[in-house]
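Colleague: Residues per chain, in single letters:
Protein chains: 2
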Amino acid sequence: MTVRKAVTTRAVTEVDEFDIDTDVLVVGYGAAGAAAAFEAARAGARVLVVDRAGGAGGASALSGGEIYLGGGTPVQRACGFDDTPEEMAAFLTAALGPSADPAKIAEYCAGSVEHFHWLVDRGVPFTPSLWDAPTWVPPTDDGLMWLGENSWPFTESARPAPRGHRPAAHDFGGRLLMECLTEAAETARAGTLFDTYVTNLVIAEDRTVIGVVARRYGREIAIRARRGVILTTGGFVDNDAMLAAHAPHLLGHTKVSAGTDDGSGILMAQALGAGVRHMGAGQVGISLIPGLAARGMVVNARGQRFVNEDTYPGRIGQAALFRQNMGGAWAGGDTAVWVIVDEEGFEAVPEPQRWGVRPTHVGETPEELERLTGLPDGALVDTVRRYNEFAARGADLDFHKASRWLRPLTPPLAAIDVKAGVRPPAESGDRRGTGASVFTLGGLHTDLDGHVLDLGGSSIGGLFAAGRVANGLHGFGYISGTSLGDGTFFGRRAGTAAARNE
Amino acid sequence: MTVRKAVTTRAVTEVDEFDIDTDVLVVGYGAAGAAAAFEAARAGARVLVVDRAGGAGGASALSGGEIYLGGGTPVQRACGFDDTPEEMAAFLTAALGPSADPAKIAEYCAGSVEHFHWLVDRGVPFTPSLWDAPTWVPPTDDGLMWLGENSWPFTESARPAPRGHRPAAHDFGGRLLMECLTEAAETARAGTLFDTYVTNLVIAEDRTVIGVVARRYGREIAIRARRGVILTTGGFVDNDAMLAAHAPHLLGHTKVSAGTDDGSGILMAQALGAGVRHMGAGQVGISLIPGLAARGMVVNARGQRFVNEDTYPGRIGQAALFRQNMGGAWAGGDTAVWVIVDEEGFEAVPEPQRWGVRPTHVGETPEELERLTGLPDGALVDTVRRYNEFAARGADLDFHKASRWLRPLTPPLAAIDVKAGVRPPAESGDRRGTGASVFTLGGLHTDLDGHVLDLGGSSIGGLFAAGRVANGLHGFGYISGTSLGDGTFFGRRAGTAAARNE
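Line order of the protein sequences matches chains V and P.
In this text, residue positions in the first sequence follow the numbering used here: the first is 1, and each later residue adds one.
In this text, residue positions in the second sequence follow the numbering used here: the first is 1, and each later residue adds one.
Calculated directly from the structure, the hints in this document are not laboratory data.
Even glycine gets a Cβ: it sits at the ideal position worked out from N, Cα and C.
Treat the hints with caution; some may be incorrect.
What the hints assert, rightly or not - Listed below are several chain P residues computed to face chain V (Cβ distance under 7 Å; list not exhaustive):
(1) Pro153
(2) Thr192
(3) Pro248
(4) Ala271
(5) Gly280
(6) Asp377
(7) Asp398
(8) His400
(9) Ala402
(10) Arg404
Stated by the list, open to error - Coverage of chain V stretches by chain P, computed from C-beta distances (three or more under 8 Å per stretch; other residues unrestricted):
(11) 86-100
(12) 175-182
(13) 272-279
(14) 325-331
(15) 387-398
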C-alpha cells in the first residue's frame with residue numbers, strides 16, 4: 001500500500017487569519033490559469049494567480065502550442081477549407097471517445113471561432129498557411145496543421161478539415177502562447193504570487209470554498225477568495241501512486257509535464273467530495289517520426305500492422321501502449337514496435353525533420369530484416385507482401401491509409417525500433433527510452449462554466465477547475481491541441497463564472 | 001451531464017433514533033457478505049446482514065462458483081500437482097496486472113490452503129479430479145480446472161498448476177456455494193434483514209462510521225453498528241453513469257450481476273472521502289466456446305490472430321473488447337471477432353458443451369470463407385497458411401499456443417461470429433448479442449483487514465469493504481475465481497477486524 005500524505009479540507013474556524021484577500025484565486029499559472037485570470041479580471045473581480053513555480057508557464061509553456069480550433073476560422077478559410085461546428089463536433093466525438101462529454105464538445109465547437117478571435121486579440125499570431133503532412137510539430141511557422149481529420153476512421157464520420165492552429169513560432173509555440181496569455185492577464189490587472197504551493201481548500205460552515213492554505217518559503221499562508229477558487233493545477237502524471245491506482249499503463253514512461261503535475265488539485269477537490277472522470281485515460285506521444293511512419297509501415301512484435309500510419313500520431317501511440325503492450329503493462333513483456341521504411345521514404349523526410357532518428361536495422365530483403373530484428377519467421381515477409389499489394393491496387397484494405405501515402409516498399413528496407421527514441425527531446429520526446437512520453441487526461445468533473453461537481457453531479461460552491469486538473473472534453477481518446485484548447489476555452493468560462501459569483 | 005441523486009453522509013445528529021442496534025452490520029449478502037458475517041459472528045459480535053433483495057445470493061449465486069485457490073491444496077495434490085504460494089503469487093501478479101496489489105496477492109496466496117479448508121469446513125464440496133481443457137464451466141463435477149496457468153505468457157513466469165477450484169455441482173456452482181456460506185453465517189447466529197436498501201452512512205462527530213440509513217418498504221430506517229459497517233454491495237456495472245465516467249468500454253454489453261450492482265457502496269464511501277482504485281478495469285466474458293477457440297483460431301476484423309487461443313478465455317475477451325475494438329468503444333466501429341475452426345475441431349467438442357453455438361459461415365476454402373465473412377481479400381488465406389505452418393512445425397511462433405492444441409486446419413472451414421453469442425446464457429452468457437458480458441473490477445481502496453482507506457491511504461474508522469465493491473487483488477487483468485476468492489478471503493478478514501473493533 002502506498003502511504004500518501006492525507007489531503008484534508010480546512011474549516012474556516014481552523015484558520016486564524018487570512019494573509020491575503022482577493023475575489024478570485026487562480027491556482028496554477030499555465031494556459032488555463034491565465035485564461036481564467038484574464039476573464040475574471042476583465043469582469044471586474046480582484047484576481048490573484050498563484051503558482052508553485054518561480055514564474056508562469058507550467059506544462060503549457062513547454063508544449064508545441066497547438067490549439068484545436070475550427071468551425072470556420074479565418075486561418076481555415078484562408079487555407080481554402082470550409083468547416084462547421086457540427087463537422088468539428090462529429091470529429092471530436094469520434095476522436096476523443098469513448099464517452100467524451102457531448103455537451104462540452106458542442107459548446108466548445110460552437111464557440112471555437114470566437115475563441116480564435118479572442119486568442120488573436122490577446123496577441124497570439126497565426127500564419128494563414130497549412131503544413132500538409134503528418135508530424136508532431138511542423139518545422140515552419142505554418143499556422144494550420146492536420147491532426148488526423150483526413151485519416152481513417154474519422155473520414156467516415158466527419159468532413160475533413162485541418163484544425164490544429166499553432167502560434168507563429170518555428171517548432172514549439174507554447175512559450176509564445178504563454179507570453180501572450182500572461183501579458184493579457186497582467187494587463188487586465190490580475191496579480192501574481194509565485195513559489196506558493198496550495199495544500200488545502202478552506203471551507204465555510206456550509207462547505208462553500210472560501211479560500212486556500214498554501215506553503216510559501218516554508219511558511220503557511222492563508223488566502224481568502226471571496227468569489228471563488230479556480231484550480232488549474234494540471235494533471236497527475238508526476239504522482240506515481242495516483243498512476244498506480246488509476247492509470248498504471250502510464251507508469252515508467254517519460255512524463256510530459258513541468259514536473260509539478262502531482263494531482264494536488266484533484267485530491268484537494270476530492271477531499272471535499274468532488275467527482276472525477278476517466279482517470280485511466282492518457283495521451284501517448286510515441287517516439288516515432290510521423291512523416292516516416294506515414295511513408296512506411298508501423299508493425300508490432302509479431303510483424304503485424306495495427307493502425308493506419310497516416311493518422312494523428314498520438315493515436316498510433318495510444319494503440320501501441322494500450323493495445324500492443326509496448327511498455328509491457330500487461331503480461332507478456334515489453335513488446336517492440338517498429339517503423340519499416342525504404343530508402344525513398346526515409347529520404348523523403350528532410351534530415352532536420354527526422355530529429356536524429358536513424359534506422360536501427362537495415363536488410364537487403366524482408367527476410368534479412370526479419371532475422372535482424374528478431375521478428376517471427378515469415379511475419380515481416382507476409383506483411384510487406386500484403387502492404388505492397390495494397391499499394392499496387394491503391395487501397396489499404398486492412399487499415400485504410402490514404403492512397404497518397406501508399407507506395408510499394410522497395411528493398412533494402414530499414415527498421416526503426418521505436419524504443420530507440422527520438423532525439424532531441426521533442427513534444428514526442430521520450431527521454432527514458434520506453435518509446436513513449438505520456439500525460440493524464442482524467443480529472444475533476446466540471447460543468448460548462450467550470451464549476452466542480454460532486455459525486456452526485458451538483459456543483460460545489462466556490463470551486464472551479466479548468467485545464468488538465470479537469471477531465472474537460474475528453475473520453476479516452478486524444479488529439480493535440482485539445483488540452484490548450486479546452487483549458488483556455490473553459491478556463492475563460494470559469495473565470496467569468498467565478499467573477500460573477502458574488 | 002448525467003444528473004444523479006446526490007450521495008451524502010448523515011451526521012448522527014440528523015438521526016432521530018436508531019431502529020435497530022447491532023455490533024457489526026454487513027451490507028450485501030453475497031459471498032463476501034456471508035464470509036464476513038460468519039467470521040464476525042464467530043468472533044463474538046452481534047451481526048446483522050442486510051440485502052436489498054428478498055433473499056441472499058447476489059451475483060455470487062448466479063456465478064460458476066469457481067474460487068481461485070492454490071499453494072498446494074488437497075485437491076491439487078490429489079490431482080498430482082505440486083504448487084506453492086510463491087508460484088501462485090507469480091501467476092496472479094502477471095495475470096491480474098498491471099498494478100495488481102502485491103501485498104494482497106502475497107497474503108491471499110499464503111493463506112490459500114487455510115482458506116480451502118475453511119470452505120470445506122463450511123460444507124463446500126470439492127471433487128478431487130481435474131477438467132483438463134479450456135472452458136468457462138466444466139460440464140462435470142470436477143473440482144479443479146485450469147484458468148490460463150498452463151498458457152503463454154504465464155508459463156514464462158510461474159510453474160503451471162491448475163487453481164480453479166469449483167464446488168461439486170454440474171455446471172454452475174455459485175448457488176451451492178452460497179447455500180453453504182449462508183447456512184454457516186446463520187448457524188453462527190448472524191441475523192438477516194432483506195428488502196433493505198442502504199442509502200447513507202451515518203457518522204459520529206469524529207467522522208467514524210457508526211451506522212447506516214436504509215429504505216425498507218418505502219420507510220426510512222436507521223441501524224446502529226457499534227463495531228463497524230462492512231460494505232459488500234458489489235460493483236457498479238448496473239450504473240451506466242458510473243460506467244460512462246470510469247469504464248465506458250463496458251457500456252452496452254450484457255451485465256453480469258443480479259441487477260443490483262449500482263455502485264451505491266462505492267459512492268457512500270466516497271462521500272466520506274474514500275479512495276478508489278482501477279475504476280476502469282473490467283472482466284469480459286466473451287461469447288465463444290473456449291474448447292472450439294483452442295482447437296482453431298481467433299481472428300479480428302482484419303483476419304489477424306491476436307492472442308493464444310488456449311489461454312484463459314476472459315483474457316481473450318479483454319483483448320477483444322479493450323484492444324480489438326469489439327463493441328466499438330473506440331472510433332472505427334464495432335468490429336467483428338471470429339472463431340475459425342475445421343470440422344475435426346468442431347466435432348471434438350461434444351454437442352452439449354457447445355452451448356448451442358453453430359458456425360455462422362462455412363467455406364470450402366479459406367478464400368471462400370473470407371468472401372462469406374467479408375474479411376479483407378487475402379487476410380484469412382494468409383493467416384490460415386501461417387497457422388498451418390506453425391502446426392506443421394509444432395510451434396506457434398506468434399502467440400505461443402501450446403503444441404497440444406496446434407493442428408493444421410483442414411477445409412472446409414467454419415467461421416463463428418462471436419457476436420452471434422452463446423445460448424443458453426452462461427457465465428459467458430451474452431444476452432444482448434454484443435459478444436461480451438461484463439462486470440467491473442474497480443472499487444474501494446482497502447487494506448489487508450478490509451478497512452476502507454481514504455484518499456491519503458489512512459483507514460476510515462468503522463468502515464470496511466470486501467468483494468467487488470472493493471478493488472481487492474486486481475489490477476486491470478482478471479482470472480475466474482478471484483472475485484469469489486478475494487471476496488470470501490478478505491471478507492473473512494473484514495468480519496474478524498470489525499468484530500474486534502470495540
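Colleague: Tell me, in ascending order, the numbers of any earlier hints that this structure violates.
Modeller: Hints 2, 8, 9, 10 and 12 not satisfied by this model.
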